[in-house]
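Protein chains: 2
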Amino acid sequence: MKLMNVKGTNDSLPNNEIVKRKVINTLTDTFEKFGYLPLDTSILCYYDLLASKYSGGSEILKEVYTLKDQGERKLGLRYDLTIPFAKVISMNAGREINLPFKRYEIGKVFRDGPVKTGRAREFYQCDVDVCGISGSYIEAEMLSMTSLAYKKLGIDIYIEVNNRKLLEGFIIESGISDELKSKVILSVDKLAKIGENGVKEELSSFNIEEEKLDKLFSYFKCTINDLDNMNITNEYFIEGREEIKELFNYINDLNLIECRFTPYLARGLEIYTGTVWEVFDEKQRITCALGGGGRYDKIITNFIDDGNTYPSVGISFGIVPICSILEDIENNSLYDLLIIPMNTNIVSLKLANKLREKGVKVIIEMNNRKIKKALESADKNNIPYVIVLGENEIDSNTIEIKDMIHSSNIKVNIDDIEEICKIIKR
Amino acid sequence: MKLMNVKGTNDSLPNNEIVKRKVINTLTDTFEKFGYLPLDTSILCYYDLLASKYSGGSEILKEVYTLKDQGERKLGLRYDLTIPFAKVISMNAGREINLPFKRYEIGKVFRDGPVKTGRAREFYQCDVDVCGISGSYIEAEMLSMTSLAYKKLGIDIYIEVNNRKLLEGFIIESGISDELKSKVILSVDKLAKIGENGVKEELSSFNIEEEKLDKLFSYFKCTINDLDNMNITNEYFIEGREEIKELFNYINDLNLIECRFTPYLARGLEIYTGTVWEVFDEKQRITCALGGGGRYDKIITNFIDDGNTYPSVGISFGIVPICSILEDIENNSLYDLLIIPMNTNIVSLKLANKLREKGVKVIIEMNNRKIKKALESADKNNIPYVIVLGENEIDSNTIEIKDMIHSSNIKVNIDDIEEICKIIKR
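Just so you know, the sequences run in chain order S and E. So the numbering used here is basically just the index in the first sequence, starting at one, shifted up by 93. So the numbering used here is basically just the index in the second sequence, starting at one, shifted up by 93.
Read the hints as simulated data drawn from the structure, not as lab findings. Each hint should be verified, as a subset may be incorrect.
Identical copies look the same in the list; a pair holds intra-copy or inter-copy alike.
As the list claims (entries may be wrong) - The calculated PhoX-like cross-link candidates involving lysine-lysine, where the alpha carbons are at most 20 angstroms apart (straight line), are:
1. LYS209 <-> LYS155
2. LYS465 <-> LYS391
3. LYS209 <-> LYS100
4. LYS113 <-> LYS201
5. LYS293 <-> LYS391
6. LYS245 <-> LYS447
7. LYS167 <-> LYS155
Just chain S, with the same shape it has in the complex (with noise of 0.2 angstroms):
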């Protein structure tokens, strides 16, 4: 029998998962602010949904996990959050769901692809997307929504914002030819990794001349303000400036100074049709951004395919590196108070059920270890305070509530909840 864990499979032990649950919490509550509703869809897919038109190309069907049930059916397993999303909406609109619809889903997805650092096959994805809205006013609601989100986790962040028409007007202004364009933009979002050279000569590899590079680097430089100035009329370019400014006009006016003008952001799959954006650590404890999304029109629309527009914009936020830097900023007790009975079984359980009620993390001594021992463990847990509870105790009415970090004791009359509940979350 083995007992391990599959390859690319981890288990979220305590100390992670009170930062991942606080995390879940925070996002949850403030993606309900902004009117998203909660989803849950099922793990288990048809092979044949997994595998119809949008997906991610040919590329992600080869890390799917395909499995046959009794019934001799062929199943996978979800590889994201966007097949359901799609799945659900072609299922019940204008039943259990109206357009637009705004709805968020945490939860796990799995591909059998490479296990690198940081890259898992079983893992989360948390997914706010609204179906059903086009323009910009939307794009900047989520952005506020990201802004506020990371606020509230006590992350500093910077957000790239980009819109693929204008990316594309760009390559196009430069006389790259029009094949080679999902290249360029593949190469171009690796910038900030591989620097301008780098992706000037993966480039040059494709026979794009110099000249043309230069061009398009040039134009990489380029502000907001610099696009009513730029003497480029090619339609990409065109629509692309006009939905960029209208959001930065909603971006400066609702005092978004988080986001910044990128005008090299592609944001990898080719499934974007406008803005994209990028968040990014401020203090890049981690590098890789913690989260992204921007619009895309066409992916639901063709999917469903019933003749209607399913214009959608969705953000991700990437739950393992959001914890990995909440985990060493946060130092979590697990427990606010430990009650070690002596003789005083039930007195010690009814006190522990009275803080409860108030709110109060309590954990009881039940293995009749020596004090000593029991303290020690206290101490290991970084439980903030003790309370020793013994037949003393109860015949004076009183008792002591050790201060574990300041190594002192407070005595308080036992009946005294309020009194004590005081002591405790002070």
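Dock chain E against the given chain S, drawing on the hints supplied.
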């Protein structure tokens, strides 16, 4: 392409998911007050682990979803949270985890079995367990926690409590042969469902004489106080009696009036070694158990098999039946406020964001629908308050909050965020 759900799976849409979120938050909050820590284990497991000696016997193995990864490792989807619990203890005890280890886990499990009403192939389990504590003190604490959890959920319950040794003592004392014991336990477990005659009929088919059955059923009528006056001397009975008496001393002292001694309660599986209990809806809106628990001192001990003993107690909360009771009671408003901007996008979004920071759930009409249409949709979604924000409102600095439930309007200064919150949250 199949835009449909896999047989035996379903999506939790917002209306249901909101109730499930509330239930899970209430439960986890209670668990943490009692010193249980969160754990989140992997869904993918090595098949050998799932097939190891614990397991619910070979029956459950028929229902395991099996698959292979690209490295041809034989995997399975977890079918409960107990095996992962044992795995985590075995892998981490003495390092990341110290005994006693109190943890809760809420997560999906998978069983490829027959699909009946209320039985899905992908469903949630919610388990609260402690490993490393013997005796009835911890069981009494668990019953306290169960009582508080359902109180916070707003569900009146009663708890049937028994001891497996006591039940086995009764069976032995009735003269039923040892090899029939398991069959009798499984049959007696159906007593509430099929009645005394049903059980007797079933047991007669195993050639158990009527007088033995009559004797057994006469024991089932005893009260906790009767136990002291029964002339039974087998060691199962003696041990079981001591344990259940000790537990009921705690129950009485803690005034857990929802607990009822139920000498025929078996709680199905053969895993339990001492105390068992099941929780029922007092109002019988759901007749099957909402959850239950019990002591299982051997499973983890046998599973880890390292020479140490791992006495354990665990409770399950039935997320599905609990939610189905609460869905009928709760009238959930998904949003607190709808703002309809009339050429006031920025001011509307700023107002919304200020209210969101104060905890109000705000949704903004972003598709420029006619006011009438937007109000109709607010009505349909039970949104209690609406603000139509036009240029007049900005000029006069005054907005009108429409109370959709009482069909009244309240005028208020647009900058008086506190007052607006007060109106919406009252």
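Verification of the hints:
no.	hint	in the structure
1	LYS209 <-> LYS155	within (17 angstroms within a copy, 34 angstroms between copies)
2	LYS465 <-> LYS391	neither (66 angstroms within a copy, 30 angstroms between copies)
3	LYS209 <-> LYS100	within (11 angstroms within a copy, 34 angstroms between copies)
4	LYS113 <-> LYS201	both (13 angstroms within a copy, 17 angstroms between copies)
5	LYS293 <-> LYS391	neither (30 angstroms within a copy, 65 angstroms between copies)
6	LYS245 <-> LYS447	between (31 angstroms within a copy, 14 angstroms between copies)
7	LYS167 <-> LYS155	both (15 angstroms within a copy, 18 angstroms between copies)
In this structure, the earlier hints numbered 2, 5 are contradicted, and the remaining ones agree with it.
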